[in-house]
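Novice: Given only the sequences and the hints, what does the whole structure look like? Please build it.
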Amino acid sequence: MAKSLNADGPQSVPALLHRNATQFAGKPAYREKEYGIWQSWTWSQTRDEVEALALGMMELGLREGDFVAVIGRNRPYLYWAMIAAEMCGAVPVPLYQDANAEEMAFVMSHCGARFAVVGDQEQVDKIFEVQEQLPEFERMIYLDPRGLRKYDHAVLDAYRDVQEMGRNNRDKHIAELEARQAKLNYDSTGVMLYTSGTTGRPKGVVLSNRNIIETAKSSSEFDNLRSTDEILAYLPMAWVGDFIFSVGQALWTGFCTNCPESADTMHVDLREIGPTYYFAPPRVFETQLTNVMIRMEDASRFKKWLFDTFMAHARKVGPAILDGKQVGTMDRIKYQLGELMVYGPLKNTLGFSRVRVGYTAGEAIGPEIFDFYRSLGINLKQLYGQTEATVFITAQPDGQVRSDTVGVTCPGVELRIAENGEVFYRSPGVFVEYYKNPESTAETKDADGWVATGDAGFIEESTGHLRIIDRAKDVGKMADGSLFAPKYVENKLKFFPNILEVVVFGNGRSECTAFVNIDLTAVGNWAERNNIGYASYQELTRHPQVMDTIQSHVEEVNASIAEDEMLSGCQVHRFVVLHKELDADDGELTRTRKVRRKVISEKYADIIAALYDGSKSVSTETEVTYEDGRKGSIKATLDVRDAKVFADTRKMAAQ
Amino acid sequence: MKDQADSYQTADGRTIGPVVMEMRNITLRFGGVEAIKDISFDIREGEIRAIIGPNGAGKSSMLNVISGFYVPQEGEVWYKGARRPPMKPFEVAEQGIARTFQNIALFEGMSVLDNVMTGRLTHMKTGLFSQSLWKGKAEREEVANREVAEKIIDFLEIQAIRKTPVARLPYGLKKRVELARALAAEPTILLLDEPMAGMNVEEKEDMSRFILDVNDEFGTTIALIEHDMGVVMDLSDRVVVMDYGRKIGDGTPQDVRNNQEVIDAYLGVAHD
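Residue numbers (UniProt numbering), protein chains in the order written: chain U, 1 to 655; chain P, 1 to 272.
Hint data in this document are derived by calculation from the structure and do not stem from the laboratory. It cannot be assumed that every hint is accurate.
[Unchecked claim] Quick list of in silico lysine to any residue cross-link-like pairs, SDA-like style, CA-CA up to 20 angstroms:
no., chain 1, residue 1, chain 2, residue 2
1, P, Lys151, U, Arg73
2, P, Lys163, U, Glu272
3, P, Lys151, U, Arg31
4, P, Lys151, U, Ile37
5, P, Lys151, U, Ala263
6, U, Lys150, P, Gln9
7, P, Lys163, U, Trp38
8, U, Lys580, U, Thr622
9, P, Lys204, U, Glu627
10, U, Lys150, U, Arg139
11, P, Lys204, U, Asp628
12, U, Lys316, U, Gln336
13, U, Lys150, P, Thr10
14, P, Lys163, U, Gly274
15, P, Lys151, U, Ala158
16, U, Lys33, P, Phe155
17, U, Lys150, P, Glu45
18, U, Lys150, P, Gly13
19, U, Lys436, U, Glu64
20, P, Lys151, U, Gly36
21, U, Lys33, P, Asn145
22, U, Lys473, U, Leu589
23, U, Lys631, P, Glu205
24, P, Lys163, U, Gly36
25, U, Lys594, U, Ser196
26, P, Lys163, U, Leu270
27, P, Lys163, U, Gln400
28, U, Lys33, P, Ala144
29, P, Lys151, U, Asp308
30, P, Lys151, U, Asp331
31, U, Lys334, U, Leu306
Specialist: And the structure:
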């Protein structure tokens with residue numbers, strides 16, 4: 001591991017900004033659609049804006065070592081706030097904008113944030129609501145003044161006013177600001193990001209400038225990113241990936257970060273920008289594919305025929321063409337024709353016309369979904385990473401892309417698989433520490449710098465690619481001692497468009513059972529086309545035909561699991577279709593939509609009991625939390641279904 | 001009661017100005033039917049003024065008198081300190097009074113943006129000739145008007161449907177687009193005819209929020225007709241209650257709520 005791959009280059013995020021302001025002065029750095037028009041800022045304008053804010057925050061009394069919470073949807077101003085905080089020697093802490101007041105109170109009091117830069121009235125209200133729990137909190141800077149006119153401005157300031165204050169007091173603070181920036185080096189903290197907290201309280205991951213810059217550098221080189229690239233920043237700012245793409249890599253390579261007008265306009269904005277470098281979790285690709293398929297169902301017969309014919313061809317040769325493999329001339333010509341008539345217009349509609357490098361990560365992606373995009377000629381790849389690694393652990397190089405692996409180690413990363421299958425890594429991106437939590441730091445990172453990912457997996461010998469099976473702590477043993485890997489089964493089930501979420505149980509038991517959430521878009525559309533009436537989500541979940549469909553999906557998955565020697569014990573014997581969607585507001589999912597097994601197994605203990613005691617149906621009452629925080633409850637009776645299981649084709653003994 | 005020319009502060013810190021519009025002894029007849037009988041009330045600058053009443057009480061007729069659509073047989077309308085002569089609705093619009101309709105009156109085939117832009121028509125000064133050439137002044141004017149329209153689209157959070165034809169929108173959104181068009185005229189007084197009719201609870205909450213925000217941000221005076229008593233009591237500063245064309249109550253929501261005649265009109269009275 002080279003100590004410093006970037007010895008002479010800029011040693012901090014603000015230093016990179018200054019470099020870009022000279023090197024790429026007139027090139028667009030950030031863009032945001034506002035009032036229907038894309039507004040751009042060049043790198044030199046960005047530097048001036050950031051500097052004005054930094055000076056203003058110094059005038060307000062921001063000290064070195066302070067923490068600055070940043071909360072809101074993706075906007076250039078908030079990215080600048082993070083860089084400005086670091087300029088002042090403070091530490092930016094981006095928070096999830098949909099976090100509720102309590103979650104926010106925990107994070108802000110844990111780091112002791114003195115300043116907060118927030119998007120709008122909603123965030124201001126949340127902070128004021130928990131202000132008493134935040135003794136260190138002093139000042140808040142807001143972006144959108146709407147609805148805030150009547151608020152007491154004793155601790156509130158408008159973003160523009162702070163910048164104005166900075167510009168007016170430039171002479172007073174500029175020397176100090178420059179001195180603070182000169183002190184920043186590779187080891188000073190660049191950002192602190194809180195983990196989503198799949199288990200227990202969120203932990204503050206401290207990332208140094210070294211982590212950010214080295215990772216940005218090596219990953220940009222890995223994918224040959226250029227200053228002419230464009231990305232769309234729409235994923236939560238509190239997530240490490242967004243920080244690395246929209247700040248780290250953007251500053252390193254000098255490409256342009258585009259922010260959508262609002263969450264609802266994301267797809268329109270995506271089309272208008274046509275990013276060349278794009279990241280989305282599997283869920284987004286899945287939703288888009290579902291939408292395409294639904295719309296094709298309604299298309300005229302000729303169009304549908306055209307689509308089906310050329311898509312079949314694309315599936316056959318598309319991925320091979322993308323990987324630069326040998327493909328016959330006739331096939332190539334037909335593919336070109338398809339590009340002209342189907343693939344091109346479709347990619348344009350999806351906003352993927354210019355995508356040169358596309359990534360998906362976070363969850364496993366269904367092979368069909370993955371192949372669909374690749375067959376269209378979109379270079380969609382997978383990567384594996386986590387906050388503690390500053391994202392990148394493994395990624396798929398061009399030409400070696402498969403849906404079931406997560407790729408080879410990124411430059412500078414070392415991998416090791418422990419006895420129990422857990423994946424360990426070591427890299428320049430390894431985080432400094434968990435803030436104020438030395439025990440957890442020691443548990444996760446050993447003295448030699450090896451970090452436990454918490455994921456179980458193995459390296460394929462033939463290709464050197466890493467394959468992830470499940471969370472290491474979720475991998476358990478069935479009563480008969482065979483391996484229990486719930487996520488593996490859940491992912492296989494979730495690849496069906498009708499299924500939104502699955503939770504599989506079975507650790508320490510003799511057989512596996514499952515909760516299933518149907519996908520309302522897909523199933524609702526199916527119901528509409530088949531003249532099946534339903535009044536509510538709950539009613540749809542109980543419809544016998546829906547149950548039959550889900551049962552057939554479960555059995556199909558069972559058949560495929562039966563072929564796997566190690567995991568054949570994980571076939572789902574019984575299942576229920578849940579009466580409500582699992583929701584982050586009810587604490588059943590994390591904000592990044594990962595299943596919280598413990599919460600779910602406690603909350604739905606009665607249903608789980610019914611899955612194992614052989615009953616045909618179960619009545620239950622569930623508490624739900626509405627978006628505005630009010631609580632209510634829903635009652636339902638759920639049918640328990642048995643699914644066919646298959647004997648392990650390899651050991652013929654069973655049943 | 002405060003003096004007509006006085007300003008005062010409300011509990012939530014808004015400034016309510018002097019009287020901007022006054023109805024003096026308005027009587028409106030359709031043939032032999034007296035829709036409005038000798039009603040007087042005023043609207044102050046910056047306030048949210050509600051007109052409520054059971055079905056057929058004459059609320060919409062009253063709003064149509066304010067907007068100049070009906071000319072009352074008796075009585076006077078005073079606006080900004082002067083008596084308003086009988087006018088055509090477009091002349092009233094030019095005076096800074098904009099409205100929405102109970103049964104949505106948008107251009108269904110046009111996009112949301114175009115609909116909102118029609119609200120700017122009273123602000124377009126260039127002639128037909130330069131508009132058709134679309135150079136210089138006309139172009140600048142269009143750009144300036146588009147900016148106003150876009151700010152309103154942003155304010156009402158309808159960016160995502162900017163280019164969508166109105167016919168394809170659900171009812172609740174159409175209501176919001178109509179509000180956007182009325183706001184685009186940058187009115188002094190905004191008249192809302194049952195802005196919440198036919199909405200579900202969530203849509204009503206959104207709409208209430210927008211009405212309060214409009215009043216707060218732009219200082220627009222708002223006169224609204226509404227059926228939903230809860231909404232009216234929460235939103236408005238003062239309420240006029242009508243029943244069978246007569247005014248039976250006028251005052252703060254609290255006053256009106258305790259007014260026996262109002263309670264009778266709404267809950268019915270036992271006749272013995």
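Novice: Please go over all the hints and tell whether each is borne out by the structure.
Specialist: Cross-check of the supplied hints:
The straight-line distance between the Cα atoms of lysine 151 of chain P and arginine 73 of chain U is roughly 19 angstroms, inside the 20 angstroms bound, and the hint therefore holds. Of the pairs offered as hints, the one joining lysine 163 of chain P and glutamate 272 of chain U holds, with about 13 angstroms between alpha carbons and a cut-off of 20 angstroms not exceeded. With a C-alpha separation of about 18 angstroms, the suggested pair lysine 151 of chain P and arginine 31 of chain U falls inside the 20 angstroms cut-off, and the hint holds. Straight-line distance between C-alpha atoms of lysine 151 of chain P and isoleucine 37 of chain U comes to about 11 angstroms, which keeps the hinted pair within the 20 angstroms bound.
Pair hint lysine 151 of chain P plus alanine 263 of chain U holds up; C-alpha atoms about 17 angstroms apart against a cutoff of 20 angstroms. At roughly 12 angstroms between alpha-carbon atoms, lysine 150 of chain U and glutamine 9 of chain P fall within 20 angstroms of each other, so this suggested pair holds. The suggested pairing of lysine 163 of chain P with tryptophan 38 of chain U holds, with an alpha-carbon distance near 16 angstroms, which does not exceed 20 angstroms. Taking the CA atoms of lysine 580 of chain U and threonine 622 of chain U, the gap is about 9 angstroms. The hint holds against a cut of 20 angstroms.
With a CA separation close to 16 angstroms, the supplied pair lysine 204 of chain P and glutamate 627 of chain U stays within the 20 angstroms bound. A threshold of 20 angstroms between alpha carbons decides the hint, and for lysine 150 of chain U with arginine 139 of chain U the separation of about 17 angstroms falls inside it, so the pair holds. Between lysine 204 of chain P and aspartate 628 of chain U the alpha-carbon distance is near 15 angstroms, which keeps this suggested pair within the 20 angstroms criterion. Between lysine 316 of chain U and glutamine 336 of chain U, the direct Cα distance comes to roughly 14 angstroms. Compliance with the 20 angstroms bound is thereby established for this hinted pair.
About 12 angstroms separates the Cα atoms of lysine 150 of chain U and threonine 10 of chain P, which keeps this hinted pair within 20 angstroms; it holds. A distance of roughly 19 angstroms separates the Cα atoms of lysine 163 of chain P and glycine 274 of chain U; the hinted pair therefore holds under the 20 angstroms criterion. Among the hinted pairs, lysine 151 of chain P with alanine 158 of chain U is consistent with the structure: their alpha-carbon atoms are about 19 angstroms apart, no more than 20 angstroms. Distance check on the hinted pair: lysine 33 of chain U and phenylalanine 155 of chain P sit about 14 angstroms apart at the alpha-carbon level, within 20 angstroms; holds.
Using a Cα cut-off of 20 angstroms, the hinted pair lysine 150 of chain U and glutamate 45 of chain P holds, with the two alpha carbons roughly 18 angstroms apart. Taken as a hint, the lysine 150 of chain U and glycine 13 of chain P pair is honoured in the structure, with Cα atoms around 7 angstroms apart against an allowance of 20 angstroms. In summary, the hint linking lysine 436 of chain U to glutamate 64 of chain U is supported, as the alpha carbons are separated by about 18 angstroms, within the 20 angstroms threshold. A threshold of 20 angstroms between alpha carbons decides the hint, and for lysine 151 of chain P with glycine 36 of chain U the separation of about 9 angstroms falls inside it, so the pair holds.
Pair hint lysine 33 of chain U plus asparagine 145 of chain P holds up; C-alpha atoms about 18 angstroms apart against a cutoff of 20 angstroms. As the CA atoms of lysine 473 of chain U and leucine 589 of chain U are separated by approximately 17 angstroms, the hinted pair is consistent with the 20 angstroms bound. At roughly 18 angstroms between alpha-carbon atoms, lysine 631 of chain U and glutamate 205 of chain P fall within 20 angstroms of each other, so this suggested pair holds. As the CA atoms of lysine 163 of chain P and glycine 36 of chain U are separated by approximately 10 angstroms, the hinted pair is consistent with the 20 angstroms bound.
Taking the CA atoms of lysine 594 of chain U and serine 196 of chain U, the gap is about 9 angstroms. The hint holds against a cut of 20 angstroms. In summary, the hint linking lysine 163 of chain P to leucine 270 of chain U is supported, as the alpha carbons are separated by about 15 angstroms, within the 20 angstroms threshold. Taking the CA atoms of lysine 163 of chain P and glutamine 400 of chain U, the gap is about 41 angstroms. The hint is violated against a cut of 20 angstroms. In summary, the hint linking lysine 33 of chain U to alanine 144 of chain P is supported, as the alpha carbons are separated by about 18 angstroms, within the 20 angstroms threshold.
A C-alpha spacing of about 44 angstroms is found between lysine 151 of chain P and aspartate 308 of chain U, which places the hinted pair above 20 angstroms, so the restraint is violated. Distance hint between lysine 151 of chain P and aspartate 331 of chain U is unfulfilled; the C-alpha atoms sit about 51 angstroms from each other, more than 20 angstroms. Between lysine 334 of chain U and leucine 306 of chain U, the direct Cα distance comes to roughly 12 angstroms. Compliance with the 20 angstroms bound is thereby established for this hinted pair.
In this structure, the hints that do not hold are numbers 27, 29, 30, in rising order.
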